[in-house]
Amino acid sequence: MSVRGSGPWSGPEGLPHRLARMSSLSRDDVAHLAGLARIELSDAELDRMVGELGVILESVAKVQQAPTDGVAPMSHPMPLTNVTRPDVVRPSLGAEAVLAGAPESEQQRFSVPRILDED
Amino acid sequence: MTDLPTDLTRATAADLAGALASGAISSVEVTQAHLDRIAAVDGQVHSYLHVDEAGALAQARAIDDRRQAGETLGALAGVPIAVKDVMTTKGLPTTCGSRILEGWIPPYDATVVSKLREAGLPILGKTNMDEFAMGSSTEHSAYGPSHNPWDLARIPGGSGGGSSSVLASFQAPLATGTDTGGSIRQPAAVTATVGTKPTYGGVSRYGLVALASSLDQAGPCGRTVLDTALLHAVMGGHDPMDSTSIDAPVPPVVEAARAASVKGMRIGVVKELGGEGYQPGVRARFDESVALLEELGAEVVEVSCPNFEYALAAYYLILPSEASSNLAKFDAMRYGMRVLPEGVDAPSAEQVMAATRDAGFGPEVKRRIILGTYALSSGYYDAYYGSAQKVRALIAQDFDNAYAQVDVLVSPTAPTTAFKLGDKLEDPMAMYLNDIATIPANLAGVPGMSIPSGLADEDGLPAGIQMLAPATKDDRLYSVGAALEAALVDRWGGPILDRAPVLGAAAAKGA
Numbered sequence: 001m002s003v004r005g006s007g008p009w010s011g012p013e014g015l016p017h018r019l020a021r022m023s024s025l026s027r028d029d030v031a032h033l034a035g036l037a038r039i040e041l042s043d044a045e046l047d048r049m050v051g052e053l054g055v056i057l058e059s060v061a062k063v064q065q066a067p068t069d070g071v072a073p074m075s076h077p078m079p080l081t082n083v084t085r086p087d088v089v090r091p092s093l094g095a096e097a098v099l100a101g102a103p104e105s106e107q108q109r110f111s112v113p114r115i116l117d118e119d
Numbered sequence: 120m121t122d123l124p125t126d127l128t129r130a131t132a133a134d135l136a137g138a139l140a141s142g143a144i145s146s147v148e149v150t151q152a153h154l155d156r157i158a159a160v161d162g163q164v165h166s167y168l169h170v171d172e173a174g175a176l177a178q179a180r181a182i183d184d185r186r187q188a189g190e191t192l193g194a195l196a197g198v199p200i201a202v203k204d205v206m207t208t209k210g211l212p213t214t215c216g217s218r219i220l221e222g223w224i225p226p227y228d229a230t231v232v233s234k235l236r237e238a239g240l241p242i243l244g245k246t247n248m249d250e251f252a253m254g255s256s257t258e259h260s261a262y263g264p265s266h267n268p269w270d271l272a273r274i275p276g277g278s279g280g281g282s283s284s285v286l287a288s289f290q291a292p293l294a295t296g297t298d299t300g301g302s303i304r305q306p307a308a309v310t311a312t313v314g315t316k317p318t319y320g321g322v323s324r325y326g327l328v329a330l331a332s333s334l335d336q337a338g339p340c341g342r343t344v345l346d347t348a349l350l351h352a353v354m355g356g357h358d359p360m361d362s363t364s365i366d367a368p369v370p371p372v373v374e375a376a377r378a379a380s381v382k383g384m385r386i387g388v389v390k391e392l393g394g395e396g397y398q399p400g401v402r403a404r405f406d407e408s409v410a411l412l413e414e415l416g417a418e419v420v421e422v423s424c425p426n427f428e429y430a431l432a433a434y435y436l437i438l439p440s441e442a443s444s445n446l447a448k449f450d451a452m453r454y455g456m457r458v459l460p461e462g463v464d465a466p467s468a469e470q471v472m473a474a475t476r477d478a479g480f481g482p483e484v485k486r487r488i489i490l491g492t493y494a495l496s497s498g499y500y501d502a503y504y505g506s507a508q509k510v511r512a513l514i515a516q517d518f519d520n521a522y523a524q525v526d527v528l529v530s531p532t533a534p535t536t537a538f539k540l541g542d543k544l545e546d547p548m549a550m551y552l553n554d555i556a557t558i559p560a561n562l563a564g565v566p567g568m569s570i571p572s573g574l575a576d577e578d579g580l581p582a583g584i585q586m587l588a589p590a591t592k593d594d595r596l597y598s599v600g601a602a603l604e605a606a607l608v609d610r611w612g613g614p615i616l617d618r619a620p621v622l623g624a625a626a627a628k629g630a
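Each protein sequence line maps, in turn, to chains A and B. Numbering-wise (my numbering), the first sequence opens with residue 1 and increments by one. Numbering-wise (my numbering), the second sequence opens with residue 120 and increments by one.
I should point out that these hints are in silico values taken from the structure, not numbers from a laboratory. Keep in mind it's a predicted model, so treat the numbers as computed, not measured. A hint or two may mislead.
A few chain B residues facing chain A, derived, Cβ under 7 Å [said to hold, decoys possible]: (1) P226; (2) A433; (3) A473; (4) A512.
We put the CB at the ideal spot given by N, CA and C, even for glycine.
Using the sequences and the hints given, assemble the complete structure.
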């Protein structure tokens with residue numbers, strides 16, 4: 001039994017897909033990325049996206065021309081560390097409220113499709 | 120007290136609040152007037168995704184009862200408001216403009232929404248937006264675009280085009296917004312309304328469906344600077360439910376808006392924002408506004424922020440990266456849509472997830488998720504996401520250097536007036552360029568505001584001027600905004616929205 005899906009996110013014969021070296025993405029690259037992102041794109045969507053992403057990537061590659069030598073990366077506008085709160089019990093949502101928006105539920109639980117392959 | 124107009128939907132929130140407090144009008148009257156207006160014009164404008172007539176009237180009635188009982192109420196108690204559909208509302212649909220959340224009724228309120236309820240603002244409904252706030256036109260809403268009340272064939276800005284068009288068509292006196300790269304300020308600019316992106320952390324993000332968590336900031340939208348300040352004071356403040364929330368009082372925004380003074384203030388014009396690519400009419404109204412600020416007693420200088428030219432590129436790496444992670448929660452398992460793949464017997468969870476995300480997300484959301492997945496993939500992380508984070512630091516440094524010289528920065532809010540629906544839909548990069556002047560503030564976390572600067576000569580459409588202040592100094596935006604607004608309204612001889620075309624029943628018949 002394997003937990004790997006048989007979706008488009010695994011490369012040919014299950015080998016990890018290698019992305020192109022350049023900022024120009026091939027159709028296979030985009031299909032691979034869509035797989036990683038768990039989006040099943042149609043052929044028409046893939047065709048379109050290859051071109052569009054190429055244009056966007058060419059434009060955003062400009063960050064590599066900025067004078068960033070010796071600059072520390074910034075991940076967040078407000079540097080905050082260790083924001084804590086007192087460890088006390090407080091009210092939370094009940095199971096019924098939480099499950100009310102679920103596509104499917106059973107016995108007070110989320111009901112999901114199979115997560116394992118048959119083989 | 121100011122006399123209220125006969126049509127209550129034309130009144131400012133501040134005047135409505137005054138009349139409510141004095142007992143001259145009831146919240147039910149004000150709320151009903153806006154519901155009637157919605158019924159008359161929203162068929163043309165399409166600002167709302169959901170209208171909660173019964174809920175709004177019940178809240179209004181409750182506020183009227185409490186006031187009659189002699190309770191002391193908040194400054195905006197009884198003034199109705201429209202809420203952007205990215206904020207969770209208990210018992211009211213919250214879709215974020217996406218099919219994947221169609222019909223979802225959240226079991227909890229966003230902190231901002233709780234604050235609105237506590238302050239007694241009846242919620243009229245939820246406003247349209249680009250899907251998950253990705254866009255500058257509302258054309259990426261899965262439920263169809265909103266229209267600009269100045270010209271129904273044009274965009275009302277985005278992502279908060281529902282909120283901006285609500286205000287410009289008098290379907291609510293106040294609205295909420297969120298601004299990740301300009302989604303409050305750019306819609307305000309193209310509809311001649313007012314909007315503020317507070318300092319990052321100034322308003323709680325709890326219950327906002329996240330786009331890019333390090334950039335997202337909720338804020339107030341209004342038709343006047345004072346109205347916007349009054350709402351800012353209600354929405355803002357520390358929230359223990361958001362660990363990035365600033366643990367300090369809301370800056371004195373209402374006091375600043377009332378004082379409306381720029382005397383002795385140093386104002387910097389950002390050299391890099393406003394040159395090539397900016398429409399002449401937008402530029403002309405901006406230059407006039409700057410001259411007015413000088414007349415009002417401000418000292419104006421030019422300031423250079425050399426790294427702003429890399430801001431757009433950095434933003435379109437950081438945002439998709441964070442978005443690709445944030446939107447992973449739409450997995451068809453716990454809430455939202457579930458679609459089974461066609462022609463597959465007993466599909467796996469992963470196959471269901473992939474089919475659902477294909478059916479539930481629109482093209483722009485898919486583009487950005489895939490772009491973010493690429494930017495974060497091993498081997499490309501340093502070249503893209505890593506470089507973008509360094510650029511982000513450079514932009515914050517540019518702001519620091521600028522604020523060492525001046526108190527406030529100004530620029531045009533958006534490079535152009537409202538473009539025609541459909542014009543930029545097929546060209547993602549052209550769409551992204553709308554936010555070129557607003558994005559730097561999000562990257563650095565500093566507050567920004569847009570107010571109307573006038574109408575462009577070439578097309579007669581609204582243009583906006585943007586004010587930017589240092590972090591936590593949001594009150595300075597209101598000082599400058601209110602002073603400039605008063606001078607401009609004086610020059611125009613009345614509010615600029617008085618010049619917008621008349622919408623209504625007569626026009627609706629022909630539609």
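Hint check:
At about 4 Å, the closest approach between the beta carbon of P226 (chain B) and any beta carbon in chain A falls short of 7 Å, and the interface hint on this residue holds. Annotation: A433 (chain B) was flagged as interfacial toward chain A, and the flag holds, the nearest CB pair being 5 Å apart, inside 7 Å. Given hint, A473 (chain B) at the interface with chain A, holds; its Cβ is 4 Å from that chain's nearest Cβ, closer than 7 Å. A least Cβ separation of about 4 Å between A512 (chain B) and chain A falls short of the 7 Å threshold, and the interface hint therefore holds.
Every hint from the earlier list agrees with this structure, and none is contradicted.
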